[in-house]
Amino acid sequence: MTAKPMTLLVIVTEAVLEDILIDEITGLGAHGYTIIDGRGRGTHGTRAGRWTQGGNIRIEVVGSAQLCERIVARLKEVYEHNYGLLMYTTSIELQN
Amino acid sequence: MTAKPMTLLVIVTEAVLEDILIDEITGLGAHGYTIIDGRGRGTHGTRAGRWTQGGNIRIEVVGSAQLCERIVARLKEVYEHNYGLLMYTTSIELQN
Amino acid sequence: MTAKPMTLLVIVTEAVLEDILIDEITGLGAHGYTIIDGRGRGTHGTRAGRWTQGGNIRIEVVGSAQLCERIVARLKEVYEHNYGLLMYTTSIELQN
Amino acid sequence: MQFEPVVLFFLLGIFAGLVRSDLKIPGSIYDALSIFLLLAIGLQGGVKLAEFPLVELIVPSLAILLLGSLIPLVSFPVLRYLGRMTRADSASIAAHYGSVSVVTFSVGVSLLAQEEVDFEGFMIVFLVLLEMPALVIGVMLARYGAGTVRWGKLFHEVFFGKSILLLAGGLVIGFVAGAEGIKPLDILFFDLFKGILALFLLEMGLVAASRIAGLRDYGLFLTSFAIIVPLLSAVAGTILGWALGLSVGGTMLLATLYASASYIAAPAAMRIAVPQANPALSIGASLGVTFPFNIFVGIPIYFWMSKFIHSMGA
Amino acid sequence: MQFEPVVLFFLLGIFAGLVRSDLKIPGSIYDALSIFLLLAIGLQGGVKLAEFPLVELIVPSLAILLLGSLIPLVSFPVLRYLGRMTRADSASIAAHYGSVSVVTFSVGVSLLAQEEVDFEGFMIVFLVLLEMPALVIGVMLARYGAGTVRWGKLFHEVFFGKSILLLAGGLVIGFVAGAEGIKPLDILFFDLFKGILALFLLEMGLVAASRIAGLRDYGLFLTSFAIIVPLLSAVAGTILGWALGLSVGGTMLLATLYASASYIAAPAAMRIAVPQANPALSIGASLGVTFPFNIFVGIPIYFWMSKFIHSMGA
Amino acid sequence: MQFEPVVLFFLLGIFAGLVRSDLKIPGSIYDALSIFLLLAIGLQGGVKLAEFPLVELIVPSLAILLLGSLIPLVSFPVLRYLGRMTRADSASIAAHYGSVSVVTFSVGVSLLAQEEVDFEGFMIVFLVLLEMPALVIGVMLARYGAGTVRWGKLFHEVFFGKSILLLAGGLVIGFVAGAEGIKPLDILFFDLFKGILALFLLEMGLVAASRIAGLRDYGLFLTSFAIIVPLLSAVAGTILGWALGLSVGGTMLLATLYASASYIAAPAAMRIAVPQANPALSIGASLGVTFPFNIFVGIPIYFWMSKFIHSMGA
Ligand SMILES: Nc1ncnc2c1ncn2[C@@H]1O[C@H](COP(=O)(O)O)[C@@H](O)[C@H]1O
Ligand SMILES: Nc1ncnc2c1ncn2[C@@H]1O[C@H](COP(=O)(O)O)[C@@H](O)[C@H]1O
Ligand SMILES: Nc1ncnc2c1ncn2[C@@H]1O[C@H](COP(=O)(O)O)[C@@H](O)[C@H]1O
Ligand code: NA
Ligand code: NA
Ligand code: NA
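Protein chains in written order, with my numbering: chain A, 1 to 96; chain B, 1001 to 1096; chain C, 2001 to 2096; chain D, 3001 to 3314; chain E, 4001 to 4314; chain F, 5001 to 5314.
Derived from the structure by calculation, the hints contain no laboratory data.
We treat Cβ as the ideally placed atom computed from N, Cα and C, and that holds for glycine.
Mixed in with the good hints there might be a few duds.
To be verified - Listed next, with one range per pair, are the computed distances between beta-carbon atoms:
1. A:ALA48 <-> B:GLY1045: 24 to 32 Å
2. D:ASP3022 <-> F:GLU5051: 29 to 37 Å
3. D:ARG3216 <-> E:ASP4217: 52 to 60 Å
4. D:ALA3179 <-> E:ASP4217: 51 to 59 Å
5. A:ALA48 <-> C:HIS2031: 44 to 52 Å
6. B:LYS1004 <-> C:ASP2019: 40 to 48 Å
7. B:ALA1073 <-> A:GLY27: 51 to 59 Å
8. F:ARG5084 <-> E:LYS4183: 31 to 39 Å
9. D:ARG3216 <-> C:VAL2078: 28 to 36 Å
10. D:GLY3152 <-> E:PHE4296: 29 to 37 Å
11. A:ILE20 <-> E:ILE4239: 41 to 49 Å
12. D:GLY3219 <-> C:ALA2003: 36 to 44 Å
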């Protein structure tokens, strides 16, 4: 097996930010991302996903620890204050 | 970076339990959760997500190890016997 | 707690492969799987999920390290060359 | 025997399911179709009800509710002792057969329209009334002497669940607005009704196909139950309808209501209130056997029974 | 006062929301309904516009735009200094009330059809025109002297956002194809219009219910604002409509446009352009107070005002 | 040249796509629209077919299938040797152009209705028949002498895939029920047809826009191929239709079928059966070039060709 240790960054945020965050993430050097629609509750209240723009998205980025750090730093700086946002990382083995 | 080590609990179960489990989880002290619709197969057969109530949901809770333990214990006690249920935890770094 | 250390395998690939991969995965011995619809970008371009067959799926399999290795090996051999495919593993604690 | 083209769509759905076609009605479309059907049925009933003295409905309602409650009460011991099923399964299946199916009812309405036979608008009130009590009885049967029930949650689920809410809401809107006020909505809720029922039956066929495949697992007993109980319930309904002075169409619809088994409201309610019950058994029987039986064989029989009893009485 | 059955569906939705029913209109269906409404309104306007000399629209358009821009400009200081709200919240709410609501407009159109009162087809041009400027003004008020605005993104969002695009696109298609060319589409876009509006109002009710629940958090000031500002805007619209020589129907629709508050285009635009604003406040006011007020009370009043001013003038 | 307002919706979709509007038709709505179109086309054909002696179809069917099979067989060497494309890409593109497009066909039907020109109901049988063989030929061309094909899976996908299943299912239901039995469904499946086609074309435009943007990557060869091959196929279809004694409308529809390229069934089948092929090339050509070409330019030309050859023959 040729598994490469990598970092997985998961971002849960407001669906309205999708296009903007795609630009940020790829601009910072991510080679890819995966987005899934969801709903949830956090410090910014409940977003039940009822309205077109009222749901959450869950973005996954697989990359180097440095890339994930850069993305986290940027999102904390610009978006954390005004938008619902949760970010966490975990280490994974990339298998291909 | 101010990453805080935390536990991620993932619960995959029947969509029909959504409201009930939200009450349980927040009642046990979770500050938030993220829910995504899905489908799957397990020991309780296939749930293809065709019928309104016939799909799975995947709930993510980020919290302390103790919180996750409490939720797991409660769900095992009350729901595991009669409902399709998968629960696993992994350690993550909360980034915000 | 009776948590069992296990491996989580995540596969992100083209939605058109869903039925075929379910056969592969269960044929290789997986007891279950969870599938979620998504969209994303990678080396094979953007799949925005607009067309019926044009989206991604995200498959989760919880199993032994050996099972996950077998699935990874098989998918690399047969599908990696021609289809958009991302696979990673991480270690989890199965809680039930 | 009467032939209603709309059931051909159900056959197409079954065929597609059996040959494992990739045809799928998206979940949200299925939801939209069922919201439409429930509202439309309610509106149709409400408009007809507006021309009717409501107090006259009290006695027949009580009679129909009473007889309707017997269906789960009689089914339960049959399932438990004849069929040797668990208490939970017996109660859950009894609840499914005591409750009613809106789509089966709609196919009945559709056949009457086809045959140009009229029916009493207040039949839809009975549809609303009959959906609930069986679920409550089922839960009581399951929990008798054991554990606690979240009655509040159950009642809430039943009364404010979307099927009752849309049926009753449509009924009230139709009643308040009247035929005149509803006119601009006619084309959506009345003229399109049958076409949308056809699409709905296509999806029903797809789902029924997956249930039919599992039939052998349920065994001969449950399969027979799923045909005989509806037939007997329909006989009872025919007699009661005739005794209450309903028209041929109304009598046939009452028989159809009694004969139909729930596969939307009941499964959801039972999964929460009687979680020990195996949903594959109850949904398999109601959707895999009783629904197709009623659509293809039952409804024409109930129509014939109603005409027969009325011609006897005359 | 005029009664329009379609609002009963809004009431049903509110009821379902308040009793916490599990009734949900799936998101994709909601999207489809709104695409339909926007296209249909546009087409209807385009067909009527085709019979009209366009140059005559320039002067009234300017007048209507000018007066329309006053709504957010006057609302802002009221919110900021009387209501003691933050700059961002004041600007965002002002933008919501300066912009317009297509569904409120549709209910107005629906009432006119019910009453068999005609209106000028080019009203839909004003609907399109009025949706935008308030959003730009709102952003300018929020950012005045602070930070940079991504104007390019904002203009793009406003001009090519789906509501303007579908309204304007429908307008152009209706204009090019004309009544004759659109005829095969009539049954979908014209005859079904009211039924689909009814379904849309059902969903609006569900959402409004969740907003109404949060009303006490917004306080008395915001609630009063959400009723008084629409009323005053409607008075201004009635006078301007009459002064411009619009018919009774056209005058009523102009008043309705001014009185309506956006809850689709504005929230999305403000969330991006003025992220410091709390969306619960602006959506709560526009959807939880102003929308129901307009539907139930406002529109009949605006109709009465328009008839009154025209009878005075005559 | 004939003008069909429904294509204006396609233009609107292209415009929305090119300006990167946030307009999206949700996936489930798109699915529902295509289920509707396929069923409706099938039903329309079935009803007309019911009045026709079926045996008379055998000879024309064989002729039409034979000529139809030539399209991929001739396209393949052109793509492979003239266009220097890989074997897999050549085979996949050939399969796309040998197969047919239901929406292109529908726009043709729509134009005929507009012009009040009748056509043979059994044309829809040819639509069903022509969808399949090219896919099989494409796979054979791709795999010639190399590897194994899962033929079982491919045949299953083709015969029981949703497009054939709904077309053929609708055909059979229409045939069995007849014009009389289908009547209550008319308003949904016939009267709404064109409106729903308009909405479908809106989405097609959105998707085509994203393909048009990628056109320069496909190069001049593929772009020319995507215009010339349909034109030549249409000429062949016109001659064959005339030789078989089809009416002006039928001849034009046969030409349209030959000229159209698949973008639903073929992409899905080729992605599984010929995974080495680059889907961007085949979908780009069929959806980004051929579909708009046929809609705007091709269909009017084919109509003119059919009228021309019939006036010559007369
Ligand atoms: N503790 C948590 N566990 C899981 N998901 C969370 C948690 N907190 C927040 N989220 C998700 O992140 C979104 C934004 O969080 P917040 O900024 O706290 O409102 C929420 O809507 C949830 O979907
Ligand atoms: N081994 C597994 N890997 C991934 N997901 C699983 C697995 N087992 C079960 N699941 C998911 O958990 C749900 C309930 O599991 P069960 O209780 O085993 O039926 C299934 O429907 C799957 O979605
Ligand atoms: N770096 C990444 N992070 C997250 N998801 C990815 C990444 N790369 C690829 N993916 C996902 O995997 C799918 C297939 O990847 P690819 O084969 O690279 O096109 C993409 O459409 C994405 O959804
Ligand atoms: Na019953
Ligand atoms: Na306004
Ligand atoms: Na072709």
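Against the structure, the hints come out as follows:
1. A:ALA48 <-> B:GLY1045: 24 to 32 Å: holds, 29 Å
2. D:ASP3022 <-> F:GLU5051: 29 to 37 Å: holds, 33 Å
3. D:ARG3216 <-> E:ASP4217: 52 to 60 Å: holds, 58 Å
4. D:ALA3179 <-> E:ASP4217: 51 to 59 Å: Between ALA3179 (chain D) and ASP4217 (chain E), where Cβ atoms are some 43 Å apart, the hint is violated.
5. A:ALA48 <-> C:HIS2031: 44 to 52 Å: Because 33 Å falls outside the window, the suggested range is violated.
6. B:LYS1004 <-> C:ASP2019: 40 to 48 Å: holds, 41 Å
7. B:ALA1073 <-> A:GLY27: 51 to 59 Å: violated, 44 Å
8. F:ARG5084 <-> E:LYS4183: 31 to 39 Å: violated, 50 Å
9. D:ARG3216 <-> C:VAL2078: 28 to 36 Å: Holds: the Cβ-Cβ distance is about 35 Å, inside 28 to 36 Å.
10. D:GLY3152 <-> E:PHE4296: 29 to 37 Å: Since the Cβ atoms of GLY3152 (chain D) and PHE4296 (chain E) sit about 32 Å apart, the hinted range of 29 to 37 Å holds.
11. A:ILE20 <-> E:ILE4239: 41 to 49 Å: Holds - the Cβ-Cβ distance for ILE20 (chain A) and ILE4239 (chain E), about 42 Å, lies within 41 to 49 Å.
12. D:GLY3219 <-> C:ALA2003: 36 to 44 Å: The hint (36 to 44 Å, Cβ to Cβ) holds, given that GLY3219 (chain D) and ALA2003 (chain C) are roughly 39 Å apart.
Of the numbered hints given earlier, the model fails hints 4, 5, 7 and 8; all others are met.
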